[in-house]
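Q: Listed in order, the protein sequences are those of chains C and Y.
Take the first sequence: its letters are residues 1 to 713, numbered as in my numbering.
Take the second sequence: its letters are residues 1 to 187, numbered as in my numbering.
Quick caveat, the hints were computed from the structure, so don't treat them as lab data.
Accuracy of the hints is not assured; some may be wrong.
[To be verified] Derived DSS-like pairs (lysine-lysine); straight-line CA-CA distance at most 30 Å: (1) C:Lys491 to Y:Lys6; (2) C:Lys236 to C:Lys192; (3) Y:Lys145 to C:Lys691; (4) C:Lys687 to Y:Lys145.
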Amino acid sequence: MLHDEQKMETFSYDDAIVRKFVLATMVWAGVAFLVGLIAALQLADWRFNFNLPWLTFGRLRPLHTNAAIFAFGGNAIFAGMYYSTQRLLKTRMASDAMSRFHFWGWQAIIVSAALTLPFGITIGKEYAELEWPIALAINIVWVVFGVNFFKTIAQRRERHLYVAIWFYIATIITVALLHVVNTIQIPVSLWKSYPIYAGVQDALVQWWYGHNAVAFFLTTPFLGLMYYFLPKAADKPVYSYRLSIIHFWALVFIYIWAGPHHLLYTALPEWAQTLGMIFSIMLWAPSWGGMVNGLLTLRGAWHRVGKEPVLKFFVAGLTFYGMATLEGPLLAIKSVSSLAHYTDWIIAHVHGGTLGWNGFITFGMIYWLVPRLWKTKLYSESLANVHFWTGFTGIIIYMISMWSAGITQGLMWRAVDSTGRLMYPDFIETVLRIAPLYWVRAAGGALYLVSFLIMAYNITKTIASAPKNVKADVFQAPRLAPSSNQNLGDKPHRILEGLPIVFTVLTLLAVAVGTVIEFVPTLWATDYVNTGSSIKPYTGLQLHGRDLYVREGCYLCHSQMIRPILSETLRYGDYSRAEESMYDRPFQWGSKRTGPDLARVGGKYPDLWHFRHMMNPRDVVNGSLMPSYPWIFRDKIDFAVIPKKIAVMKFLGTPYNEQELALAEATARAEAQAVAASLSAQGATGKLEDKEIVALIAYLQRLGQDYKKGGVK
Amino acid sequence: MTDTDKKIEGHAYDGIEELDNGLPSWWINGFYLTILFAGLYFGYYMLGSGPALVDEYNTSRETHEQAIATKKSARPVASEEQLAASLKDPGKVKLGASVYASKCIACHGDRGQGGIGPNLTDEYWIHGGNLTQIMKTVSEGVLDKGMPPWGAVLTADELPAVVAFVNSLIGTKPTAAKAPQGVRAKE
Numbered sequence: 001m002l003h004d005e006q007k008m009e010t011f012s013y014d015d016a017i018v019r020k021f022v023l024a025t026m027v028w029a030g031v032a033f034l035v036g037l038i039a040a041l042q043l044a045d046w047r048f049n050f051n052l053p054w055l056t057f058g059r060l061r062p063l064h065t066n067a068a069i070f071a072f073g074g075n076a077i078f079a080g081m082y083y084s085t086q087r088l089l090k091t092r093m094a095s096d097a098m099s100r101f102h103f104w105g106w107q108a109i110i111v112s113a114a115l116t117l118p119f120g121i122t123i124g125k126e127y128a129e130l131e132w133p134i135a136l137a138i139n140i141v142w143v144v145f146g147v148n149f150f151k152t153i154a155q156r157r158e159r160h161l162y163v164a165i166w167f168y169i170a171t172i173i174t175v176a177l178l179h180v181v182n183t184i185q186i187p188v189s190l191w192k193s194y195p196i197y198a199g200v201q202d203a204l205v206q207w208w209y210g211h212n213a214v215a216f217f218l219t220t221p222f223l224g225l226m227y228y229f230l231p232k233a234a235d236k237p238v239y240s241y242r243l244s245i246i247h248f249w250a251l252v253f254i255y256i257w258a259g260p261h262h263l264l265y266t267a268l269p270e271w272a273q274t275l276g277m278i279f280s281i282m283l284w285a286p287s288w289g290g291m292v293n294g295l296l297t298l299r300g301a302w303h304r305v306g307k308e309p310v311l312k313f314f315v316a317g318l319t320f321y322g323m324a325t326l327e328g329p330l331l332a333i334k335s336v337s338s339l340a341h342y343t344d345w346i347i348a349h350v351h352g353g354t355l356g357w358n359g360f361i362t363f364g365m366i367y368w369l370v371p372r373l374w375k376t377k378l379y380s381e382s383l384a385n386v387h388f389w390t391g392f393t394g395i396i397i398y399m400i401s402m403w404s405a406g407i408t409q410g411l412m413w414r415a416v417d418s419t420g421r422l423m424y425p426d427f428i429e430t431v432l433r434i435a436p437l438y439w440v441r442a443a444g445g446a447l448y449l450v451s452f453l454i455m456a457y458n459i460t461k462t463i464a465s466a467p468k469n470v471k472a473d474v475f476q477a478p479r480l481a482p483s484s485n486q487n488l489g490d491k492p493h494r495i496l497e498g499l500p501i502v503f504t505v506l507t508l509l510a511v512a513v514g515t516v517i518e519f520v521p522t523l524w525a526t527d528y529v530n531t532g533s534s535i536k537p538y539t540g541l542q543l544h545g546r547d548l549y550v551r552e553g554c555y556l557c558h559s560q561m562i563r564p565i566l567s568e569t570l571r572y573g574d575y576s577r578a579e580e581s582m583y584d585r586p587f588q589w590g591s592k593r594t595g596p597d598l599a600r601v602g603g604k605y606p607d608l609w610h611f612r613h614m615m616n617p618r619d620v621v622n623g624s625l626m627p628s629y630p631w632i633f634r635d636k637i638d639f640a641v642i643p644k645k646i647a648v649m650k651f652l653g654t655p656y657n658e659q660e661l662a663l664a665e666a667t668a669r670a671e672a673q674a675v676a677a678s679l680s681a682q683g684a685t686g687k688l689e690d691k692e693i694v695a696l697i698a699y700l701q702r703l704g705q706d707y708k709k710g711g712v713k
Numbered sequence: 001m002t003d004t005d006k007k008i009e010g011h012a013y014d015g016i017e018e019l020d021n022g023l024p025s026w027w028i029n030g031f032y033l034t035i036l037f038a039g040l041y042f043g044y045y046m047l048g049s050g051p052a053l054v055d056e057y058n059t060s061r062e063t064h065e066q067a068i069a070t071k072k073s074a075r076p077v078a079s080e081e082q083l084a085a086s087l088k089d090p091g092k093v094k095l096g097a098s099v100y101a102s103k104c105i106a107c108h109g110d111r112g113q114g115g116i117g118p119n120l121t122d123e124y125w126i127h128g129g130n131l132t133q134i135m136k137t138v139s140e141g142v143l144d145k146g147m148p149p150w151g152a153v154l155t156a157d158e159l160p161a162v163v164a165f166v167n168s169l170i171g172t173k174p175t176a177a178k179a180p181q182g183v184r185a186k187e
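Bound conformation, chain C alone (with noise of 0.2 Å):
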């Protein structure tokens, strides 16, 4: 039996793909750091938008997140899951081509985001932005790295699978699942269309999403990665095995469940909202695990980390991780999340999570992976100390900057004084309270864009100094002798190390059982959408006026769901209820209140008024921060599209009759004209009837409108 197992393979690894994914890694952080601080800027000052659509805050904050998390994030893990797969299997990757495609793929679809996004080519859903097209590359290149990675496991020279691979395994098959679930949609050209979701169910299907792209894209990969590069970098043994097994199977299950959390108070179904806070505050010891695991591995390894850069990134990183993943499941407390929700307290966290566990295991990774790809020395050791504390400094004071601005404005929004009034019903009161510390965030967002292009100089010269044409390693293993269970240990667990598919399909099962628990009552129940109301399908001109206000990303300032909290319907009326946006797709609910609320708004002012709003905000409301849009008073409707969404939306179900759709484009031209004969006879000037303001002020004007003519029973 020996014989067969000592049989020697000669082999190497493939690093050029992972050379490949580092500098793409290197060059998307630029462009993410940088809108980034541009979109910091915007919201300190309202002039940085330019006036220019492609340069708007609503276009360039998509573009800044889906930078950040899937091209800086993704070629990151990409970057190092092709570095570590290779060696923690003993193997090439299955299929130099396959890699190859997935870079590329991966590369031209954060490409096609740069030139779609700033174009108001939107799905309008947080992170699931890209349209249709796009979307569904995604799902192919996601599918073939998906392929050519169990390939490598197939054909691995190590008979047990390390925790490093458990994370990637959990990360490739749930991002797959959730990524396909929720960008279904029926397209209405090559660049619009609709989801097959509407309103609480969009919501739900979103925030799983969401919430889940947070943990199976930010969480799981790096979890991976830190499991791989730090023990490797501190040159220690994991602190403890048992935890890693428990914290893995615990944060798989439980993670899916806490979407939710990010509805609280909203017309979701309370139960849900309810599971998704209990299951957020069942997650933080599963998130803990990971840190314990980490920093208890560098025990002995403690008075390195003060000089070694690696280790310092490392360290900080977990630590930011930890911050994250115990303030999570505080801000996932219904009353905690009262206050927070909708405002810049969210961002904190996130920025926390991403700057700061995302970017710094990320820049630890690739400080010791460089000189290692490229066979050469860093360029600079103490340049690398001072990207950190530079960078160290910009996460803090965006932190702290953020935690003011958002508990100072939740606590002005819910304050009331003794005769029942708020003290600050004017929102734009509570905009400029905050406004000094949009300026201090950028401040800090720009050390930290520093840090990096500090970064970027030593990497840089750390290539240019590497020797030309690096011959790959060669490395020998014997190949694995077919496995029995009996090899495969003795526990359990390490039986089930030893079986790949069997992993793959409990991880799936872990994932399911939240998912379908949640989903199932919602999709396919109807009684959690009063279908007897008053609540009418849209005309097809507020049809298009809406499709404009998720085109230029309105909904990343305003939510339209207002919470059953007496503050909140004192400013904006009564709270929001499930069948109000039965007809939406996307809802859009919102997540963040830079702007007040619009679910009520319709009505409440006379239509002249939102047209020198969208004109110039600062014309009606003191001090607004709102970006001008000037476009929208010249750019024209587009008439003839608008039975196509008629037909579309009909198709999904929305009751609009064979009537409707016939007479959709001239029904559609009259509604305009009645807009433009009501602004001109409020004093407007110019040939409106045919401009893209008529009709984003007839659908801002129909908000709220059905549920006030008190038809919902």
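Based on these hints, arrange chain Y on the given structure of chain C.
A: Same frame as chain C, now just chain Y:
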């Protein structure tokens, strides 16, 4: 928790070894505690008698409305005479001017000349030109025409003050004024 720090045999991946340490007791007990909390919370609010968020809201809304009603009955609506008296109080007019500058300018113009909303400087009124009528318009709004209700926004001092200031604008004849709307007030 005592760490044995024993390396597990056969666990070596690209040189990474694993130790046979147990779970830190504070960690696993913390985990159990959150599970216990989750169970109790779910039991009380979902299966037991715990109030729903909407129930809690309705309670707070009722308390609020009772408080408002008590306050309202304690403070009678200002009469025409009382409002007329505040016209002569320069302090009131000054307060009214600052309220006007922050809340009314957007629609009625910086000098009351009108814009989105009607001209306030002429003698024509759409919803009545008596002081009590102006007070009612300011306080309850005219939702159909886009005039928001300011009663819940302005304080008890600010409401009559802004009426006094608006009254002081009549006859100022600003440039670029909007054409008169409504009916002429009887002098």
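Q: Taking the hints in turn, state whether each one holds.
A: Hints versus structure:
Proposed proximity of lysine 491 of chain C and lysine 6 of chain Y is supported: the alpha carbons are some 17 Å apart, at most 30 Å. As the CA atoms of lysine 236 of chain C and lysine 192 of chain C are separated by approximately 52 Å, the hinted pair breaks the 30 Å bound. Taking the CA atoms of lysine 145 of chain Y and lysine 691 of chain C, the gap is near 23 Å; set against the 30 Å cutoff, the hint holds. Distance restraint check for lysine 687 of chain C and lysine 145 of chain Y: the Cα-Cα separation of roughly 23 Å lies within the 30 Å cut-off, and the hinted pair is therefore satisfied.
Going down the numbered hints, you'll see the structure goes against just number 2.
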